[in-house]
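We have chain V already, so just place chain Z on it with the hints.
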Amino acid sequence: EVQLQQSGPEVGRPGSSVKISCKASGYTFTDYVMNWVKQSPGQGLEWIGWIDPEYGSTDYAEKFKKKATLTADTSSNTAYIQLSSLTSEDTATYFCASGGYFDYWGQGVMVTVSS
Amino acid sequence: DIQVTQSPSSLLASLGERVTITCQTSQSISNNLNWYQQKPGQAPMLLIYYATSLQTGMPSRFSGQYSGRSFTLTITSLEPEDIANYFCLQHYSAPWTFGGGTKLELK
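Protein sequences appear in the order of chains V and Z. Position one of the first sequence corresponds to residue -7 (this note's numbering), numbered consecutively onward. Position one of the second sequence corresponds to residue 511 (this note's numbering), numbered consecutively onward.
So here's chain Z without its partners, still in its complex pose:
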């Protein structure tokens, strides 16, 4: 199985701050990774698919990059509505596996 290591597990940030979350995979998965936002009691929402593509309707302050086995989600300027949990998913090889999640909170 492909292991996905996500960091940090929690993050304190201020409004307007640039935020970066990382997922590292145990083997190469090309660009087969998605990023999701999840708010308490709500369904996860797709933010970024295939590592770099912004899902329709998602704000342009969200972006994804990757290099080798390292994937990053960046929020260029944190907004109040961005306070949530974030996780990544590799869909290169079954069983599909998830990062451990990042809880983003306001400083």
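The following block holds chain V by itself, in its conformation from the complex:
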């Protein structure tokens, strides 16, 4: 059974960074890219970018190129997203999703930006 287990909720101060993890199991981690998606009440669902765990190559939506950094650790089958220079606009739930085309999703991580 494919599972994407994400880390717990995060609270970050404005201007700081947070790093969220997504541990994959039930499939070969390097077989599929890992996508990241932001879900917020105001903006709905937005694709942030993807990382190819095998090669470390990445692609980002234009809006998130300066906001998000995607990495992956094949030794632990874990993908990460780091969000930097946090503002209130970054308060949202962040999902990882993998498979052919977003076949499987993690449970989401709530990030709250608050001073």
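Wrong hints could be hidden among the right ones.
For lysine-lysine, the following BS3-like pairs were computed, each having C-alpha atoms within a straight-line distance of at most 27 Å [what the hints assert, rightly or not]:
no.: 1; chain 1: V; residue 1: K15; chain 2: V; residue 2: K59
no.: 2; chain 1: V; residue 1: K11; chain 2: Z; residue 2: K549
no.: 3; chain 1: V; residue 1: K15; chain 2: V; residue 2: K55
no.: 4; chain 1: V; residue 1: K58; chain 2: V; residue 2: K15
no.: 5; chain 1: V; residue 1: K58; chain 2: V; residue 2: K11
no.: 6; chain 1: V; residue 1: K15; chain 2: Z; residue 2: K617
Calculated directly from the structure, the hints in this document are not laboratory data.
What follows is chain Z alone, placed relative to chain V:
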């Protein structure tokens, strides 16, 4: 970027009723669209992939159709466990884009 317009944004329906949700794309994407169900606090689940293919394990009351740039998700007979949010995703051209979502509630 490809825009995806989903309607309705919310829907009240009765058990046993036929429910239809639509996504319209701003340009042709062939059949490169998926449908998902999301319940509060849970991971989204893939229902339909490539517009018409039912994901393994999903009930057969869910179906997808498309014509041109218009895509529909149909629930033939609404069950209590179908109360959820639904959204579509186009994966024809990056950046991948999503419909705005439909909140399905019981009448």
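Proposed proximity, Z:K617 with V:K15 (alpha carbon, max 27 Å): With a Cα-Cα distance of about 39 Å, the restraint between V:K15 and Z:K617 is violated, given a limit of 27 Å.
27 Å Cα cutoff - pair V:K58, V:K11: The hint holds at about 15 Å.
V:K15 paired with V:K55 [C-alpha distance capped at 27 Å]: Measuring from Cα to Cα gives roughly 25 Å; hence the hint holds.
Agreement of V:K58 and V:K15 with the hint, judged by alpha carbon distance not exceeding 27 Å: With a Cα-Cα distance of about 24 Å, the restraint between V:K58 and V:K15 holds, given a limit of 27 Å.
27 Å Cα cutoff - pair V:K15, V:K59: 22 Å, holds
Restraint check for V:K11 with Z:K549, where alpha carbons must lie at most 27 Å apart: OK: V:K11 and Z:K549 at ~25 Å, within 27 Å.
Taken one by one, the earlier hints fail for this structure only at number 6.
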